[in-house]
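Residue numbers (this note's numbering), protein chains in the order written: chain X, 1 to 279; chain B, 1 to 279.
These are computed hints drawn from the structure, not numbers from a lab. These figures come from a predicted structure and were not determined experimentally. Any given hint could turn out to be false.
[Unchecked claim] Partial selection, computed: residues in chain X whose CB lies under 8 Å from chain B:
hint : residue
1    : Leu157
2    : Val160
3    : Leu235
4    : Arg274
[Said to hold, decoys possible] Reference listing, derived: stretches of chain B covered by chain X, where coverage requires no fewer than 3 residues with Cβ under 8 Å from a Cβ of chain X:
hint : segment
5    : 30–38
6    : 42–48
7    : 57–71
8    : 213–220
9    : 236–249
10   : 256–267
Using N, Cα and C, we set each Cβ at its ideal position, and we do this for glycine too.
There are 2 protein chains.
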Amino acid sequence: MANASFRRLAVLGLGLMGGSFALAARTRGMSHELVGFDPDAQALDHASTRGMIDQAFDSPVHATDGADAVILAAPVRANLCLLESIHSTLAPGALVLDLSSTKREIVRAMARLPGSVLAVGGHPMAGKEVSGIEAATATLFDGATFALCPTARTTDLARVLSETLVGGVGAHAIWLDAAAHDEAVARVSHLPFLLSAVLAQVAAPEGPARILAASGYRDVSRLAGSSPTMMLDILLTNEQPVRAAVSDARASLDELDALLAAADEAGLRRWMERARERR
Amino acid sequence: MANASFRRLAVLGLGLMGGSFALAARTRGMSHELVGFDPDAQALDHASTRGMIDQAFDSPVHATDGADAVILAAPVRANLCLLESIHSTLAPGALVLDLSSTKREIVRAMARLPGSVLAVGGHPMAGKEVSGIEAATATLFDGATFALCPTARTTDLARVLSETLVGGVGAHAIWLDAAAHDEAVARVSHLPFLLSAVLAQVAAPEGPARILAASGYRDVSRLAGSSPTMMLDILLTNEQPVRAAVSDARASLDELDALLAAADEAGLRRWMERARERR
């Protein structure tokens with residue numbers, strides 16, 4: 001691998017995202033050496049056994065030591081802790097890229113890294129309802145949009161290196177501001193999950209409902225199966241934009257209920273047409 | 001077609017459902033003769049040209065004349081009007097089966113048909129987001145659950161004949177009470193549509209949201225594209241169960257908002273786990 005872009009790539013957090021990133025990086029020979037950390041010994045063992053990584057570490061500090069690229073692939077709040085842990089181990093010129101679903105808090109924390117370190121906030125728009133390293137695949141990011149958010153540690157070189165990583169796992173990079181990212185995903189990603197969960201709670205199919213549930217129910221309730229641990233981190237690090245989206249959803253349901261109570265045909269039709277047009 | 005089950009099958013309403021029913025009945029040789037009615041001349045013409053029906057009528061009364069099986073395949077409230085129109089044309093022993101999405105009002109109206117007529121409420125759990133006869137296919141009902149609801153005109157013979165029709169188009173019959181049906185579909189069918197429409201209204205993807213919208217948004221917002229005319233009929237003939245479901249959805253969002261405002265981790269986790277378990 002004489003022409004690998006990196007000498008030593010460290011993946012911290014070996015679940016669906018981290019495992020898939022390691023597999024994709026390995027498949028495309030992006031790094032001379034690939035090392036990994038996870039607090040779960042079974043995940044570490046799985047990554048080693050499947051040949052996703054060359055070396056497994058039970059400490060993020062040891063995994064990061066000597067790495068020129070570090071991927072933070074844990075849930076958002078765990079990534080914030082990892083960033084604290086590796087703060088003084090990072091080599092000058094090393095690039096840190098995270099894969100978290102919300103970006104404001106990570107970008108703020110990255111600004112506190114030593115001035116010699118490069119750091120970019122990242123969010124690949126790829127995933128599955130299943131989580132864990134067993135579900136990892138080398139093709140998870142193929143063709144996916146990969147949001148990149150600049151930080152106080154994003155130099156021109158950091159841009160080039162992070163784009164190399166993104167392209168290297170098969171995704172295409174889109175640069176945008178962390179606040180704009182978080183506002184947008186609150187509505188196109190977190191709200192779909194929450195409405196899916198609302199449906200699952202309210203429409204629990206039992207009795208006749210079980211027999212009558214068709215593809216509409218299945219499609220809309222699918223996201224309710226997402227990992228609660230991951231979603232909890234997302235909601236708690238994006239509270240304000242999520243609450244604004246939830247508030248708009250409640251207003252829409254309130255309007256609907258008033259229209260139904262009044263059997264207002266023209267109003268109901270407008271309510272439905274508004275949804276149809278905006279989709 | 002010596003062994004066709006019916007002499008003359010009349011399909012009133014030639015859209016996605018009626019057209020598909022006619023095609024499926026034709027393919028399996030279920031009736032010696034197939035005739036159709038639709039208020040839209042273009043739909044009638046399409047059905048004739050594509051060979052879905054042997055004869056096209058611009059009046060439901062003429063189409064029904066001499067039929068031993070009549071399928072009501074218009075939206076719910078149009079079917080209620082059709083039932084009024086054909087009331088005194090129906091031959092003694094003729095079977096009326098409707099394909100409407102809500103059943104209480106239809107079943108109540110069928111009870112007012114002449115005592116010599118057989119009538120069963122039906123609802124095939126099959127559909128598409130596209131509507132209109134152009135989207136009709138002979139396989140739409142293949143393997144689908146087809147709810148059948150008894151009426152005051154459902155004799156043993158009516159049961160046998162309606163099950164023959166249902167099996168004849170490739171679906172499997174499930175008998176259940178109209179009220180139980182309507183309560184169940186309010187939650188597993190109408191609520192998914194409404195939450196999908198709420199998402200489409202609130203998350204209108206433009207700017208960064210457009211780029212970041214992924215499969216979660218697409219799956220949950222898909223139903224928002226359903227025909228407003230069809231959904232309007234459904235909502236207005238199932239108002240009470242739909243409002244109860246909407247009220248439960250609002251309560252779930254209210255609870256969520258309070259948990260977010262309090263950053264109540266344990267409560268948020270329970271809220272998500274509840275959805276995950278019930279799905």
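Going down the list of hints, with the structure as the test:
1. Leu157: violated, 25 Å
2. Val160: Val160/X check fails; min Cβ-Cβ to chain B is 21 Å, beyond 8 Å.
3. Leu235: With a minimum Cβ separation of about 6 Å from chain B (threshold 8 Å), the hint on Leu235/X holds.
4. Arg274: With a closest approach of 6 Å, the Arg274/X hint holds.
5. 30–38: Since three or more residues must qualify, the claim that chain X covers the segment 30–38 of chain B is violated, with 0 doing so at under 8 Å.
6. 42–48: With 0 residues close enough to chain X, the hint is violated.
7. 57–71: violated (count 0)
8. 213–220: holds (count 6)
9. 236–249: Our answer is that it holds, as 9 residues pass the Cβ test (under 8 Å) against chain X, meeting three.
10. 256–267: With 6 residues close enough to chain X, the hint holds.
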